[in-house]
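Asker: For reference, the chains in residue letters:
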Amino acid sequence: MNTISGPPTQQPQPNLSRTPWPLVGQKRQRTNPIGPQGRARGFSLMELMVAVVVGGAVLFSVGTVLIAQIELARVTESSQRLRDNWSRLAQFIESEIILSERILSDPTLIGVIAGSGNVCGYASSEIKLALVSNDSASVIIYALQPVASGDVQWRGPNLLKRCGKLDSSGALVGAISDQVLADGVVAFTPLITVETLNSLSSAGRNVTVELSLGTAPSATTYSGRFGGQARVNPAYNFLNDRANQGSVNLCDAAGILCGSGTLQFSTSNCSTGSACDLAFIHQYHPSGSSTILGSSLHEDVIYFPGNRSDYSLYGVSSSFPCTRQLCTVYGSTFGTVTISQGDVLVFQDGDLRF
Amino acid sequence: MVSVASARKRLKRGFSLVELMITVAIIGVFSSVVVGSMAETRRRATTRLAAQDLLGFFDAVRRSAMASGRECRVSFTAPSSFSVVEHHTSATAGQLGLDRCARAFSGGAASLNLAQGSASAASLQVVAPTDDLLLTPLGTVANGDTQIYYLSIEGSSLERCIAVLAPVGFIRMGQRTSGGAMTTAPCNYVAGY
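Those protein sequence lines, which keep their order, are chains R and G.
Adding 131 to a residue's 1-based position in the first sequence gives its number in our numbering.
Adding 202 to a residue's 1-based position in the second sequence gives its number in our numbering.
Hints in this document: simulated from the structure, not taken from any laboratory.
Backbone N, C-alpha and C define an ideal beta-carbon position, used for all residues, glycine too.
Keep in mind that a hint or two might mislead.
[Said to hold, decoys possible] If you want the footprint, here are the derived chain G segments under chain R, 3+ residues with CB under 8 Å:
1) 229-240
2) 244-251
[Stated by the list, open to error] Here are a few chain R residues that sit away from chain G, every Cβ distance over 10 Å (derived from the structure):
3) Cys251
4) Trp285
5) Gln472
[As the list claims (entries may be wrong)] A few chain R residues that face chain G, going by a derived Cβ cut-off under 10 Å, partial list only:
6) Gln310
7) Val311
8) Leu312
9) Asp314
10) Val317
11) Arg439
Bound-form chain R, shown alone (with noise of 0.2 Å):
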């Protein structure tokens, strides 16, 4: 019989080592983290659980400082446009002031002065300041209107306008026009004070305004003031300080003749500071019948009470206009007043200039 005879064959040992379960009785040993593949074991739930946790409150604490640099940026750049508007409209109202005759901010007054200048339609209650120009020819009448609510095209609380003339070229001529100069304004506040009413030559006055600017709905706001000093009044703008006066007599002031008869400024009375010829202006307030003798030196002013209309206006006689040479003021109550250089007639509701 024959026999193969050769090497034994060698059966196939199970690869312990490579079995992921071990065998009865043996214990099973622990395996890397890291496969015999190489691949990664994952993550547990909780793991992942922790990790999105941590990385939430990462990106919500960034995102927190991110929207919170973005406001503040906002914030600044909304302050910035508001310092430079407030400027800017201040500037503009400024240069309006300096311009102007007379600035009025008593109701009532502007209401005298203003009489069919209103054609915008201002409430009383609105209107904060007249302006009167130099050629008393105009006026500028600046009112602040609420803003009604849900209005979106003005911020609230209130638009600041102003009725007047105002041309391409920036002059006080054509057609008086309604206009929104800023919205958003919290307060407009003209302030005139009579500092210098006894003084030798006139009533100087400070006139400063109180403009604030806001952006509602935040509560951003940008206040100031502007004026002081740097506005003084000419002497013949008592038509508000007479107000402002209350029961102070005007004639008791330095610097103006009052009475009847022959007013005329003299040099003799320099040292008791009344009606000194040395006065830049010389101011007179007749309170009845008299003749004024001006200056062609000065600048004369004439103060007379009531409108325009109580008078008749005429020269050597009816038939002859006024002149400054010679202006002959007759009202039927107050009597007759010759006036010779005069500049200037200041009644109630305007003025005259020669």
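Could you slot chain G onto chain R? The hints should help.
Answerer: Quick look at chain G alone, frame taken from chain R:
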């Protein structure tokens, strides 16, 4: 109980065609929504940038008028160009040396073409007032009324509005939703833009 072997077998099996199609469909729908929203967002951002460019240009012209002491005029040329020249001048084209407004302008660039700026890739539409914008040496606007410029991108439902307030010259930016067409609806300048 699922054995480890059967689980491995299932993993090796891969995804079925239906599963893949559903996944692709979901991704497609989601992408289309996102892309559509992004396109509108981009149009709005482009309009906003163009409006900011125009606002900055007006402000620069105003400063130019103040610096040169001359009244400067801003003219609009369709579709989206603006140029500045001295209002009262004998300068003609090619003689900008006589134009102080242009000379005072920073860098000598006396014009703005929005189509070459931030809105270069989009068809920007500008509706401008009939009158040129007149800016005075005082920084004010000499036009009698408020001048409003409308900017929009074709296909966008949102318009930007630039209003130059006369006479002080405040420049305000607002917006209005018009359904794609220029309407006469008032712009909203109140909300912060």
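Asker: Take the hints in turn and mark each one as holding or not.
Answerer: Against the structure, the hints:
no., hint, result
1, 229-240, "violated (count 0)"
2, 244-251, "violated (count 0)"
3, Cys251, "holds (14 Å)"
4, Trp285, "violated (7 Å)"
5, Gln472, "holds (37 Å)"
6, Gln310, "holds (6 Å)"
7, Val311, "holds (7 Å)"
8, Leu312, "holds (5 Å)"
9, Asp314, "holds (8 Å)"
10, Val317, "violated (15 Å)"
11, Arg439, "violated (30 Å)"
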